[in-house]
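Residues per chain are reported as follows:
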Amino acid sequence: MRVKPEETLRLEEIAYQIRRLSLEMITCGRWGHVGGSFSLAEILACLYFHELEVDPQNPRWEGRDRFVLSKAHASPALYAALALRGFFPVEELYTYCELGGRLEGHTDMTRTPGLECSGGALGQGLSIAVGMALGFRMKEQPYNRVYCVLGDGECNEGQVWEAAMSAAHYHLDNLIAIVDYNKVMAKGFVWEEMGLEPLRAKWRAFGWEVLEVDGHDIEALLRVLYEARHVRVHGAPIAVIAHTVKGKGLRETEFNYKWHTQAPDPEQDDSMLRQLARNYGRPEEGYSKLNDPVAKEKFYGGE
Amino acid sequence: MSEEMREVFGKTLVELGHEFAELVVLDADLHTSSKAVYFKQAFPGRFIQCGIAEQNMFGIAAGLATQGFIPFPCTFAVFASQRALDQIAVSIAYPRLSVKIPGSYVGIPTSRAGASHNAVADLAIMRSLPHMRVADPGDNRELRSLMRAAVLTEGPVYFRITRYTLPDLFGTGYEFAWGRGVRLREGRDVTLIGTGMMTGLCLEAAELLARDGVSAEVLHCGSIKPLDEDLVAESARKTGAVVTAENASVVGGLGSAVAEVLTERAPAVLRRVGVQDRFIESGGIGELLAHHRMRPADIAGRAREALEAKERLP
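Same order as they appear, the protein sequences are chains A and B.
Each residue of the first sequence is one higher than the one before, starting from 1 at the first, in the working numbering.
Each residue of the second sequence is one higher than the one before, starting from 1001 at the first, in the working numbering.
Honestly, I wouldn't trust all of these hints.
[As the list claims (entries may be wrong)] Label-pair restraints from in silico Cβ distances: (1) A:Tyr226 with B:Phe1279: 54 to 60 angstroms; (2) A:Met138 with B:Glu1154: 33 to 39 angstroms; (3) B:Gln1082 with A:Pro293: 47 to 53 angstroms; (4) A:Ala201 with B:Ala1290: 55 to 61 angstroms.
[Unchecked claim] Derived DSS-like pairs (lysine-lysine); straight-line CA-CA distance at most 30 angstroms: (5) B:Lys1040 with A:Lys139; (6) A:Lys187 with A:Lys258; (7) B:Lys1238 with B:Lys1225; (8) B:Lys1011 with B:Lys1040; (9) B:Lys1011 with A:Lys139; (10) A:Lys296 with A:Lys258.
By construction, these hints were calculated from the structure, which means they are not laboratory data.
Since the model is a prediction, treat every value here as computed from it, not as a measurement.
Backbone N, C-alpha and C define an ideal beta-carbon position, used for all residues, glycine too.
Looking at chain B on its own, in the form it has when it is part of the complex (with noise of 0.2 angstroms):
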């Protein structure tokens, strides 16, 4: 069985602790929840509590970025993105300094917490910022190779921490490139893209479309900003129909990346599944994957309504 995600990300912070003496871990007094309490045990003196004041957190990671450290300043994702937006924007993105923003408790799973605390929003708004890269991982390899790289990469980054268990999809061979999308199955009639936890549920939908004889090609862009055009439009020219899938926002997210490749690239027809421009209210996290139709069977169905589309197309 796998770990949670979150659980991943505090352990691969410590690992990455030990090899880059520059890295320092910032929290705004949410470090059990994030896991950042690990490196907080392993490195007390490279952690810094900032207490409940996300601006002054991002503008102090600014600050440490400069003196040539490497800050992952730690929050939820909705702080980060909308609390902390323009700091985010003025002290860090457009001097390009080199902070790794890890957003976590985004979207479904963040279940019971309801609209105050779930990010659906955050994709859009980190993919608006210039110099910013975007990722949101697929399973805990990709979120272990993605912090590498992130570490690795100049500038600013900002990821998604999902607080659930996502099965593995990637083999230990797999590595984390910026821009580069994977196909995960190979397909001729639909083509479902997935990022982060959404890419499992896409692949079950494919299974669920064999049944009824539909080839669906999957393919999964943990890399969203860079995003991997060729493949998207190379696929989308093949199948002619695409449905796309996150756990945020369709507004600005993956949906809308996606769409801006089709229109100047490749046309094709679009579908997208996510949160439908809504704040999340509480509730479980299956009934919320029902009430948001982004379960498997809402993606299949979704695949099928974009086939019916492609075919009445002159």
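One chain only, chain A, in its complex shape (with noise of 0.2 angstroms):
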């Protein structure tokens, strides 16, 4: 499969808005996991505006794929991911955690256009991914796919590893799911934590085929999920072990659980984004709340 260059310098800009966008939210909502929505948004930008057949018109249009975030603390990410593709305004990202809003802390599918199910208690997701999956097979959808992003750091929790033994019992290679392997959790390396190695090995032995990728690289991920979706089908799932940075794109936020849940004020998220703009080449955009008083008096007179 090969991958066009202008396809490549595309994705870039999506993936560069979707943390440009997730930042703006976490500061202007006051709260939200920076770390691990920036280890997404290559991931998101290839998904939403590569892979998925989905319309943003009909959201429950009937033949569209379907995309489990498992891990909904990145849902800053995939709002922005959302927005970008035209399920709902970019300007309404703004409302996150808003009372009132349709932009939950943690997934509510019954608010968000887009969504195609709640999350947020980690381990949760890939169970539904098989029921999506079954679903598909049960209404003879051959051609759809079920997506399912999950945590490193999720990959503890036993009902995970439940749903990729029922998985691969039912031979769903329909069913993709990816990790987003970015080695820090909520307060401290993985390893530290709770060892997942051998990964690799681990989703094997469940049964699963098996795909390891650099996270960032968006034409290996094109790639990757190309194998994924139409080389790889032969009656087991798929498990993609996307390797990434947690908080990519930042000096402060890579690599950092300090940053895994924590957002930054007007000013210091004005310099990240100036930061951000520069590392990625892009004209250099503040924080565009910074000098608006209305937001300024939500922020520093609210609560």
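Got two chains here, each in a separate frame; can you build the complex from them with the hints?
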């Protein structure tokens, strides 16, 4: 499979925008997960702008692929991807975590157009994805796929392995699990908190086909997603272990569990966004609400 | 002679399966106990064996519900309400998915299996989940009607199946409805409110009380959430004394639901029959009913206590 250079450039821009908007959202909402959102930016760009069959004009279209964000604390990145894809206005991202809004801290499928399930309690998403994949089979929709993104720390949960066992038992080769292996958990590094290795061997032992990829390399991601959808389809579910960097894109957030859950204040966000722009060779853009008196009043006067 | 309730459950699943093509059944290695096995025999392609992994089973049910199916994930009530509570709460109840959860092996008739297999807190747990509807049917007729209502109701439903043969309480014209209780016997002095298998015992208790000249009203609340608050309040205002009876813990179940109504709308003396904040130990059904003071004579005794307390009120 050949990837056109202009496609790579287009998706790189989307990934940059996902990071930029995630940081804006987390600042504006005063809460959120920077590290786990940033590690997912390229993966979500490739899924929502290349791989997934979805129709933003008709989010409930029967023939769509399904996407489950099991690590639902990365909701800023997902909301950014959905908004950029046209499921709702980009401007609405600034209502992240707002009472009465459509963008909950953790995902709520009854509120947000384009969401396929609700989440937040780690370990639950892969089971839901298994149900969706079984549903495609029962409805005889062989061309559709279910994608499920899991966190690495999330793989500590027993339910993940219950789901893995059942997906292999039912030969769900229409199910693709992507592990965002960013090596950092909420309070420490994976190998300190609860070791996962040998991760590839674990998925293999549970009956899955396993692919590994650099989760920030767009060309490699597109190849792996192509392989998962079209080539390695032989009666086993497919796990893509995506090696990523938590907080990828900024000096202070990269590989740093202190930025697992943390919201910058507007000034800090402004300088982080400028750094992000420089790192990605984009024109410098600061925090869009920095000098917006209403937003400032809300930020400093709120609660 | 009427059938064991789980037999009726299994056969009704098949009937509904013929009628509703989107109905699917999931199991966690208990289908010959729950009687979901009949559905497996009738519709093997719509029966999903999940193995002994209830958390995963409820997640799969959620995923199927998002695909337009109406899943019945079947397991013992204790595993649904305790082992898989977080999955039911976050994956199913929060997004209001149309998953219908039958909880089998509830309360006293689970008998010799002991505390690990015996659900007594399930009513309390399920009642506390937003969007969840909760029912404990009083006889086979009501179970059948309730299962149809569950399929036709949008959103999550939890209902109980007692491993027991219950006497027929309702005539052929009876239909279950959410939030609707039934007055099975008129009375003036005390109100007995039953749910599930305890309603039949309340009727027997009312007979015992009648021998002593006490006029007991008997209500059945198969629908515990929503509860028929109007019926409960109206009867409590009339009699001023209420006894609830449930095959479950008195903490958080029907007794608590009635207490909430009485406190807010119709203050009355209340006594609650059921498992008194304990795990159930192994034993025969009759022995356990006596041990937990849940026989008709016990209900009648609690009614007399309530009457005395009412008379002592200023």
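Cross-check of the supplied hints:
Checked against the given bound of 54 to 60 angstroms, the beta carbons of Tyr226 of chain A and Phe1279 of chain B, roughly 55 angstroms apart, stay inside it. Judged by the Cβ atoms, the range 33 to 39 angstroms given for Met138 of chain A and Glu1154 of chain B is violated: they are separated by roughly 21 angstroms. A beta carbon spacing of about 52 angstroms between Gln1082 of chain B and Pro293 of chain A agrees with the range 47 to 53 angstroms that was offered as a hint. Under the hint 55 to 61 angstroms, the C-beta atoms of Ala201 of chain A and Ala1290 of chain B, about 57 angstroms apart, fit the expected range.
Using a Cα cut-off of 30 angstroms, the hinted pair Lys1040 of chain B and Lys139 of chain A holds, with the two alpha carbons roughly 18 angstroms apart. This hinted pair checks out: Lys187 of chain A and Lys258 of chain A have alpha carbons roughly 7 angstroms apart, not beyond 30 angstroms. As the CA atoms of Lys1238 of chain B and Lys1225 of chain B are separated by approximately 23 angstroms, the hinted pair is consistent with the 30 angstroms bound. Distance hint between Lys1011 of chain B and Lys1040 of chain B is fulfilled; the C-alpha atoms sit about 11 angstroms from each other, no more than 30 angstroms.
Between Lys1011 of chain B and Lys139 of chain A the CA atoms are separated by roughly 25 angstroms; this keeps the pair inside 30 angstroms, and the hint holds. Between Lys296 of chain A and Lys258 of chain A the alpha-carbon distance is near 25 angstroms, which keeps this suggested pair within the 30 angstroms criterion.
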